[in-house]
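Visitor: Going down the list, the sequences are from chains A and B.
The first sequence begins at 22 in the working numbering and counts up by one.
The second sequence begins at 23 in the working numbering and counts up by one.
You may find that some hints are simply not true.
When the alpha-carbon atoms are kept at most 30 Å apart in a straight line, the in silico DSSO-like pairs for lysine-lysine are as follows [what the hints assert, rightly or not]:
hint, chain 1, residue 1, chain 2, residue 2
1, A, 388, A, 378
2, B, 530, B, 543
3, A, 81, A, 260
4, A, 378, B, 543
5, A, 350, A, 81
6, B, 261, A, 388
Cβ-Cβ distance ranges computed for the label pairs, FRET-style [said to hold, decoys possible]:
hint, chain 1, residue 1, chain 2, residue 2, range
7, A, 222, B, 144, 53 to 59 Å
8, B, 540, A, 210, 43 to 49 Å
9, A, 319, B, 394, 36 to 42 Å
10, A, 144, B, 525, 17 to 23 Å
Rather than coming from a laboratory, the hints here were simulated on the basis of the structure.
As the structure is a computational prediction, the values presented were derived from the model and not from experiment.
The beta carbon of each residue, even a glycine, is placed where N, CA and C say it ideally should be.
The residues making up each chain are set out below.
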Amino acid sequence: MMTQATSSQFWLTRPFGERATQTFLGVLFAALLLVTVLHLAVPQGHPLHVNAYTVNLFGKYLSYALLAVAVDLVWGYLGILSLGHGAFFAIGGYAMGMYLMRQIGDRGTYGHPVLPDFMVFLNWDSLPWYWHGFDMAWFAFAMVLLAPGLLALVFGFLAFRSRVTGVYLSIITQALTFALMLAFFRNEMGFGGNNGLTDFRELLGFNLRSDATRLGLFIATGVALALGYILCRAIVTSKLGRVCVATRDAEARTRFIGYRVERFQLFVFVVSAMLAGLAGALYVPQVGIINPSEFSPLFSIEIVLWVALGGRATLYGAVIGAILVNYAKTIFTGIMPDAWLFALGALFVLVTVLLPKGVAGLLGHLKRRKEDDHPPKEAAA
Amino acid sequence: MRRFLSLGLLCLMLLGTAVSAQAQSSSSTPDDQAALALLTALDVDSYRDKGEAIAAILQSDDERARDWLQALLDGRLQRTDDGRFVLVLENRGRDWPVADALTNEPLGEMSRRDLDRIGINNALRNQLRSAIAVVDLYSPNVERRRTSADRLLGEVDGELAETLAPVIADAEDEYVRTRLAQAVAIYRAEQGEMAGVEALTGSLHPRARVALGRAANSDDPIVADAAATALTGIEQQLKINRGLETLYFGLSLGSVLVLAAIGLAITFGVMGVINMAHGELMMLGAYTTWMMQQLLPGQPGLALILSIPAGFMVAALVGIAIERGVIQFLKGRPLETLLATFGISLILQQLVRTVISPLNRTVVTPEWMSGSLVINDALSLTLNRMFVLGFALVVFAALMLIMRRTRLGLEVRAVTQNRAMARSMGIRATRVDIMTFALGSGVAGLAGVALSQLTNVGPNLGQNYIIDSFMVVVFGGVGNLWGTLVAGLSLGVINQVLEPWAGAVLAKIIVLVFIILFIQKRPRGLFPQKGRAAEG
Numbered sequence: 022m023m024t025q026a027t028s029s030q031f032w033l034t035r036p037f038g039e040r041a042t043q044t045f046l047g048v049l050f051a052a053l054l055l056v057t058v059l060h061l062a063v064p065q066g067h068p069l070h071v072n073a074y075t076v077n078l079f080g081k082y083l084s085y086a087l088l089a090v091a092v093d094l095v096w097g098y099l100g101i102l103s104l105g106h107g108a109f110f111a112i113g114g115y116a117m118g119m120y121l122m123r124q125i126g127d128r129g130t131y132g133h134p135v136l137p138d139f140m141v142f143l144n145w146d147s148l149p150w151y152w153h154g155f156d157m158a159w160f161a162f163a164m165v166l167l168a169p170g171l172l173a174l175v176f177g178f179l180a181f182r183s184r185v186t187g188v189y190l191s192i193i194t195q196a197l198t199f200a201l202m203l204a205f206f207r208n209e210m211g212f213g214g215n216n217g218l219t220d221f222r223e224l225l226g227f228n229l230r231s232d233a234t235r236l237g238l239f240i241a242t243g244v245a246l247a248l249g250y251i252l253c254r255a256i257v258t259s260k261l262g263r264v265c266v267a268t269r270d271a272e273a274r275t276r277f278i279g280y281r282v283e284r285f286q287l288f289v290f291v292v293s294a295m296l297a298g299l300a301g302a303l304y305v306p307q308v309g310i311i312n313p314s315e316f317s318p319l320f321s322i323e324i325v326l327w328v329a330l331g332g333r334a335t336l337y338g339a340v341i342g343a344i345l346v347n348y349a350k351t352i353f354t355g356i357m358p359d360a361w362l363f364a365l366g367a368l369f370v371l372v373t374v375l376l377p378k379g380v381a382g383l384l385g386h387l388k389r390r391k392e393d394d395h396p397p398k399e400a401a402a
Numbered sequence: 023m024r025r026f027l028s029l030g031l032l033c034l035m036l037l038g039t040a041v042s043a044q045a046q047s048s049s050s051t052p053d054d055q056a057a058l059a060l061l062t063a064l065d066v067d068s069y070r071d072k073g074e075a076i077a078a079i080l081q082s083d084d085e086r087a088r089d090w091l092q093a094l095l096d097g098r099l100q101r102t103d104d105g106r107f108v109l110v111l112e113n114r115g116r117d118w119p120v121a122d123a124l125t126n127e128p129l130g131e132m133s134r135r136d137l138d139r140i141g142i143n144n145a146l147r148n149q150l151r152s153a154i155a156v157v158d159l160y161s162p163n164v165e166r167r168r169t170s171a172d173r174l175l176g177e178v179d180g181e182l183a184e185t186l187a188p189v190i191a192d193a194e195d196e197y198v199r200t201r202l203a204q205a206v207a208i209y210r211a212e213q214g215e216m217a218g219v220e221a222l223t224g225s226l227h228p229r230a231r232v233a234l235g236r237a238a239n240s241d242d243p244i245v246a247d248a249a250a251t252a253l254t255g256i257e258q259q260l261k262i263n264r265g266l267e268t269l270y271f272g273l274s275l276g277s278v279l280v281l282a283a284i285g286l287a288i289t290f291g292v293m294g295v296i297n298m299a300h301g302e303l304m305m306l307g308a309y310t311t312w313m314m315q316q317l318l319p320g321q322p323g324l325a326l327i328l329s330i331p332a333g334f335m336v337a338a339l340v341g342i343a344i345e346r347g348v349i350q351f352l353k354g355r356p357l358e359t360l361l362a363t364f365g366i367s368l369i370l371q372q373l374v375r376t377v378i379s380p381l382n383r384t385v386v387t388p389e390w391m392s393g394s395l396v397i398n399d400a401l402s403l404t405l406n407r408m409f410v411l412g413f414a415l416v417v418f419a420a421l422m423l424i425m426r427r428t429r430l431g432l433e434v435r436a437v438t439q440n441r442a443m444a445r446s447m448g449i450r451a452t453r454v455d456i457m458t459f460a461l462g463s464g465v466a467g468l469a470g471v472a473l474s475q476l477t478n479v480g481p482n483l484g485q486n487y488i489i490d491s492f493m494v495v496v497f498g499g500v501g502n503l504w505g506t507l508v509a510g511l512s513l514g515v516i517n518q519v520l521e522p523w524a525g526a527v528l529a530k531i532i533v534l535v536f537i538i539l540f541i542q543k544r545p546r547g548l549f550p551q552k553g554r555a556a557e558g
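Work the whole structure out from these sequences, hints included.
Guide: Put into structure tokens, the structure is as follows:
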């Protein structure tokens, strides 16, 4: 999978030299362009027309794909199976939700100029301290990255320092997101309790309910996915990435060679959490709500399934997996909602037992077979 | 005042006649005319007159008096259009089944429109309650005597106190005697009498506290002082009792955690396998109990006892199926095993939802397990929790025995410590894996059977316990049964201690955060494995 990247290149631009990255970016931008054209240029009622609902749905899938890339970064290249990435996703989403809440201003049901509706409902008379600043877009967008990053920093520092790894770490991350879910369900936390944050109106002045904004969000999510992908790719192809893979395969040996393993782990974990937060922030305006159910352990473990299905440690596999599973979910829950959990459960079992390398592994296998039949010319070089 | 005089009279008379009246069989009906007159006297508008009529009923030594008074209290004593009196047997719908108040013969159903209820007010209600309680004090049934003594606490007034004095002296039952003495003491304390205050010292009944509170405001400084001292003592006692209650609930919660976690500890400890479907195996155990009770209607106790082996078998068989079907293909890939078993847990949950119902099922608690063990007025321990606690300890002891004293246990320990070495010594590791997994799963089934007595049985039953059980295993130290026991019980107690001032949700969060921090200090749990096994 690793192409021979010349080490003289700048690390961030190095991924552009890779075939896999080029293909991925090509397909992604082609898809973005296609959907945009089919949405705008093809008249409504035409069979090829993509309506606003579908654009919105694709946008949602793309934000999930970015989340899956973040999980693949830590699981595929660092060997950390995080069952709590939903927490970072949700925190990023809440940061965005708080900004959107403040944008409502006095147009809420209760018409309070500052307080969101749920606070008026709870008879609060002033904004909690952590809500200050979220009326400014730059602050909120910074928080989208910083809040999950900070949580990951503290949590990761504690966990990696005492060398909690393997299934222990998985369970602890699950406990983390579970605890956060319980906390966010409480009204006293000041995040809207059960109902979460919703009833958003506009983002940076664009009406969230207009089709144009939806298309814009879809494209923005696609671009964010591309950037996130390039960043992750750059990290894993750098020297730091090599240390990560070494840690994944033999943590003790890497430590004995002299690397401070926990620092590498912490760095990558924090980057991954920030990407997850970004994905959450892009997700929230597209679905129009954020509530504590995003913290549920089930969601976090589903993300891992996307990655496993797509193929671990490939990054583009994570994107394929996220889109495939969520597309299947949309179809299934529409036709026969009862069967979805059966299908999901069966996917977990089948992927882990029969498809350990996921769809990407399958593709690679097919490609290799083809190459065996017709050996390409450059293979000799 | 008048009614109390009559009550007193009644008591004196009853003392003499109670036995003989009870001895007479109901076949003889002394003067129905007089009885009818007594009832007719109730059917007046003035509550004052009704009060006198009640007193008259009490004075008559009619053995049906208690039924009438009880029916009157419940609003079931009604008059028909043609002037007869009936007891409504069941209050439902339009037509009520009734019985003749005089002969007690069922009269079939009557329309509620043809019936006229004999109304009472609050004052009469109180009078009736005391009257029934006093009548009951002479009941041949000990239970009834005790309940009536309980009912008199705080209901006693001057006349009744005097009436009760000889009753207390004569009472055979220790419980009745102390209760009645307490009832009188409450009255005396409320009147500001020193004797009452002294008698109430150390009593934990809420009514006694109210009475002492009043006495503490008494004009007599000595009495007020004594009452205040007594109150402080009682508060102290109550605090201790509340502490004991918290401890009990904590241990009860802990025993559930131990039951849930101990099977997990075995499979995780031996095979390094995280079985995310462990909670669903518990759920299957709980559903087995429900199924057993459906198969044996009317015998919940027997069904529960039979579901102990049945729950074990069902969960163990499913466990073997999981091991053979999935886990054996994922040897040495613990994270993949985690995902695969999670998938199985989803399938099992959805299976139960589809096949049985997404709604909760109720499992009946057999009679010998319901109710509670009353230690004193402030502390009573529910029996079902006690049974579960005992059950958890028995299961724990049995597992200890299996691990320490049987060949299987020896092999399991060998495989845990060094799989390769154990295999070269001739232990069939694969067989040990299957047996261990079956054992761990079976214990999960047992946990489910026990849990069915404490909570609702539903498809989500297991999900709620999986994270907690892992916390227990991690906290206690993997592969150490004692660690699991200590960790489970202490986490249960910590949770219950935190709950009153932090709330249930926050307590849970605090415990989770505590464990996350604890792992920092001791990554291998409370009782870590030593030596090479720790490298796992």
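Visitor: Now tell me, hint by hint, if it's right for this structure.
Guide: Each hint, compared with the structure:
Distance restraint check for residue 388 of chain A and residue 378 of chain A: the Cα-Cα separation of roughly 14 Å lies within the 30 Å cut-off, and the hinted pair is therefore satisfied. Among the hinted pairs, residue 530 of chain B with residue 543 of chain B is consistent with the structure: their alpha-carbon atoms are about 20 Å apart, no more than 30 Å. The suggested pairing of residue 81 of chain A with residue 260 of chain A is violated, with an alpha-carbon distance near 33 Å, which exceeds 30 Å. For the hint pairing residue 378 of chain A with residue 543 of chain B, the CA-to-CA distance comes to about 36 Å; that exceeds 30 Å, so the pair is violated.
Distance hint between residue 350 of chain A and residue 81 of chain A is fulfilled; the C-alpha atoms sit about 13 Å from each other, no more than 30 Å. A C-alpha spacing of about 74 Å is found between residue 261 of chain B and residue 388 of chain A, which places the hinted pair above 30 Å, so the restraint is violated. Between residue 222 of chain A and residue 144 of chain B the beta carbon distance is about 57 Å. The supplied range of 53 to 59 Å therefore holds. A beta carbon spacing of about 24 Å between residue 540 of chain B and residue 210 of chain A contradicts the range 43 to 49 Å that was offered as a hint.
Distance hint check for residue 319 of chain A and residue 394 of chain B: the Cβ-Cβ separation is about 37 Å, which falls inside the suggested range of 36 to 42 Å. For residue 144 of chain A and residue 525 of chain B, the hinted distance range of 17 to 23 Å is satisfied, since their beta carbons lie about 19 Å from each other.
The structure is inconsistent with the numbered hints 3, 4, 6 and 8, although it conforms to all the rest.
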